[in-house]
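Colleague: Spelled out, the chains give:
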Amino acid sequence: MPGRECFETVASSPDHASERDPERNIRGAFEHGKRSEDMSAGRAAGLETLPSRPPKLVITSLTVRDFRNLAKVEIVFSPRFNVISGQNGQGKTSLLEAIYFVATSKSFRTHRSAELVRHGQEAASVRAEFIEDPQDQGLAPLVREQHAAVAGARVVVKIDGARPSTLASFATRSPVITFHPDEMALSTGPAGLRRTLLDRLSLFMTPESADHRSRYDRAVKARQELLRRGSESESEIEAFEHLAAVHGSALTRIRAQATSALLPELALAFGRIAAPDLALVAEYAPGGTTDESEASAALRSSRRRDAGRPSPSFGPHRDDLVLSLDGRRARIVASQGQHRAITLALKAAEVSVIGHARGISPILLLDDVSSELDAERTDALFSYLASQQGQIFVTTTRRALISLPEGLASHERHFPVSGGQIPPTSE
Amino acid sequence: MAYRFRTGGADLPSRLTRVAQLLGRLPGVGEKTAMRFALFLATVDESTARDMGAEVGALRDYVRPCHLCGNIAESEAPGEPAMCTVCSDTRRDSSLLCVVARVQDLLAIERSGAMRGRYFVLGKLLSPLEGISADDLPLGQLRAKIRDPEAPVKEILVATPPSVDGEATALLLARELTPLGVRVTRIASGIPHGGDLEYADQVTLGRAIEGRKNL
Ligand SMILES: Nc1ncnc2c1ncn2[C@@H]1O[C@H](COP(=O)(O)OP(=O)(O)OP(=O)(O)O)[C@@H](O)[C@H]1O
Ligand SMILES: [Mg+2]
Ligand SMILES: [Zn+2]
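These protein sequence lines are chains A and B, in that order. Just so you know, we're using our numbering here: the first sequence kicks off at 1 and counts up by one. Just so you know, we're using our numbering here: the second sequence kicks off at 1 and counts up by one.
Source of the hints: derived by calculation from the structure; they are not laboratory data. Remember, it's a predicted structure, so these values are computed and weren't measured experimentally. There's no promise every hint is true.
The list that follows gives simulated cross-link-like pairs (lysine-lysine, DSSO-like), each with its CA atoms no further than 27 angstroms apart [stated by the list, open to error]:
hint, chain 1, residue 1, chain 2, residue 2
1, B, K32, A, K158
2, B, K124, B, K213
3, A, K158, A, K56
4, A, K106, A, K72
5, A, K158, A, K221
6, B, K124, A, K221
Among chain B residues calculated to face chain A with C-beta under 7 angstroms, some are [said to hold, decoys possible]:
hint, residue
7, A54
8, V56
9, L129
10, P138
11, G140
Backbone N, C-alpha and C fix where the C-beta goes; we use that ideal spot for every residue, glycine too.
Sequences and hints are given; from them, build the entire structure.
Modeller: Okay, structure coming up:
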């Protein structure tokens with residue numbers, strides 16, 4: 001197809017031991033982004049600029065009211081590793097969801113915020129204290145309080161008591177990344193999940209991406225509605241097609257950039273997790289184009305065909321991130337174990353890219369992952385986690401399923417959940 | 001608690017609940033506030049209630065959209081067409097016409113003091129998803145205004161909001177009106193994204209008008 005661009009790289013196991021250190025990358029990004037005032041302040045005080053650890057984000061405490069089945073929870077977390085355990089249906093995922101909600105204003109389970117409110121109650125609220133520690137000499141850790149509440153279907157968020165300027169600025173303030181069993185479909189399933197992966201990266205790399213995405217959606221829906229009604233007004237259809245082309249081509253450029261950032265990290269991660277002789281190739285397959293006038297032309301020429309369809313036959317809503325193993329589509333050829341390795345590698349790469357873009361190690365939320373992984377992958381996952389700087393939350397039905405590497409075991413704090421109740425901070 | 005009374009509740013006089021229901025139709029006024037207002041009018045301040053009744057009753061006889069531009073205006077006598085202060089100001093440049101979506105936007109632009117021309121209020125934006133299409137916009141009226149031999153328009157400055165619907169409306173106007181020989185321009189997008197013209201500050205709006213671009 002004319003104008004389609006391919007962005008690809010070959011991911012196989014890298015040879016250099018230094019490239020295997022994911023901390024190095026975040027640290028590198030941080031030092032690169034360090035402002036010159038900080039450097040000169042260091043020099044003026046006669047301090048050598050020592051290689052520093054990457055800055056770190058930690059949720060120190062959480063207060064939950066009427067969120068899902070959690071009526072009232074007040075807990076203090078470990079800055080490193082937290083295990084949430086309990087039988088099915090006790091509230092483990094709900095607790096992770098509460099953390100995700102206070103960090104991003106959204107849920108990873110639903111688009112309907114009203115579902116988050118405990119049955120029979122009018123409002124849900126989550127409050128958390130975050131510490132952002134630059135882990136650098138001369139810069140003190142900053143403490144902030146974030147608050148997110150749902151009343152009816154309305155979500156209200158605050159940072160230190162003040163409304164943020166946009167929801168996107170709120171959502172990127174405290175990067176939190178989830179990993180739950182449904183995400184196995186990243187490798188096995190249709191393109192939608194992989195597009196949202198690219199969009200999560202884009203939110204951190206190019207903050208205006210969220211705006212382009214919602215404008216693209218609205219313009220496209222308006223155009224489809226006009227075609228469906230058989231509008232006679234050429235200028236009316238053209239107006240919305242023009243906007244769809246403007247925002248759609250911007251979205252394609254943004255997702256191409258996100259893919260370029262993802263690929264090297266994916267290579268690194270896949271090399272650590274999978275058999276070393278296996279090559280994973282990821283390629284951005286745009287459903288649209290980066291060229292605005294080409295996008296306009298494509299939409300104009302497909303009007304007749306698109307009139308009977310719910311969405312256009314051209315545009316970034318058809319994007320995919322195509323994954324191949326040794327030259328064949330992973331979706332079709334990969335084994336169960338390979339699918340798991342690909343998914344883990346994609347998630348690890350997401351952590352690195354967002355870490356770079358935001359200049360801070362994200363908080364990781366892992367929901368019941370050992371239920372989907374075999375013993376070997378679980379070990380690979382936990383040794384990966386031990387190599388990460390960020391704060392980690394893991395849920396499990398059986399605490400015994402988790403055998404921790406040394407680096408994590410000594411920092412573990414354990415929270416048993418039962419009937420939506422969590423005892424305030426057990427060591 | 002007083003606000004727990006439902007309108008139509010057993011103990012309330014029906015005239016009171018009717019006033020509360022009417023007040024509750026005002027933008028931004030909920031059931032609880034409407035009842036508080038109604039109780040105030042009924043019990044605390046008699047003259048406010050009587051004056052308000054008379055003024056509100058006469059409001060629609062005299063105050064109505066300007067028949068030339070849609071701005072809010074006052075007529076000489078009940079039922080007569082009204083002409084706004086902008087349209088009756090002879091120092092205004094009638095070759096420059098600023099198209100806005102709502103009267104609130106016109107007032108915001110007037111406050112910025114950067115507009116020396118006249119206005120045209122569309123009253124709505126193109127929005128297929130809400131069932132508003134090109135046929136529902138007053139394009140015929142706008143064309144007639146542009147062609148007016150007494151005061152021909154040379155430039156149309158489109159000041160619709162920077163939302164998708166606002167942008168689409170601007171593009172539609174450019175395509176429909178340029179063939180008439182007018183220059184169609186768009187205010188610069190100095191206004192906060194997705195934001196309301198009404199809430200943009202005067203400096204920003206002034207700059208947006210000065211920095212307008214051809215569409
Ligand atoms: N809005 C709500 N109000 C009250 N209870 C709810 C609400 N939404 C979900 N629940 C219930 O909360 C309980 C806990 O759900 P949650 O998903 O957190 O369980 P879990 O501990 O993660 O279980 P599993 O191990 O099966 O994943 C469930 O019984 C669920 O039905
Ligand atoms: Mg669960
Ligand atoms: Zn007027």
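Colleague: Against this structure, judge whether each hint is valid.
Modeller: Here's how the hints hold up against the structure:
Between K32 of chain B and K158 of chain A the CA atoms are separated by roughly 26 angstroms; this keeps the pair inside 27 angstroms, and the hint holds. Note on K124 of chain B and K213 of chain B: the hinted pairing holds, with a Cα-Cα distance of about 23 angstroms set against a maximum of 27 angstroms. For the suggested pair K158 of chain A and K56 of chain A, the alpha carbons sit about 21 angstroms apart, so the restraint of at most 27 angstroms is met. Simply put, K106 of chain A and K72 of chain A have alpha-carbon atoms about 20 angstroms apart, close enough for the 27 angstroms limit, and the pair holds.
With a C-alpha separation of about 32 angstroms, the suggested pairing of K158 of chain A with K221 of chain A is violated against the 27 angstroms cut-off. Our distance criterion of 27 angstroms between C-alpha atoms is met by K124 of chain B and K221 of chain A, whose separation comes to about 19 angstroms. With a least beta-carbon distance of about 38 angstroms to chain A, the hint placing A54 of chain B at the interface is violated under the 7 angstroms criterion. For V56 of chain B, the interface hint is violated, since its Cβ never comes within 7 angstroms of a Cβ in chain A; the closest pair sits about 32 angstroms apart.
Residue-level restraint check for L129 of chain B holds (minimum Cβ-Cβ distance to chain A is 6 angstroms; threshold 7 angstroms). Interface hint at P138 of chain B: violated, since its Cβ lies 15 angstroms from the closest Cβ of chain A, which is beyond the 7 angstroms cut-off. Hint status for G140 of chain B: violated, given a least beta-carbon distance of 14 angstroms to chain A, over 7 angstroms.
In summary, the numbered hints that this structure violates are 5, 7, 8, 10 and 11.
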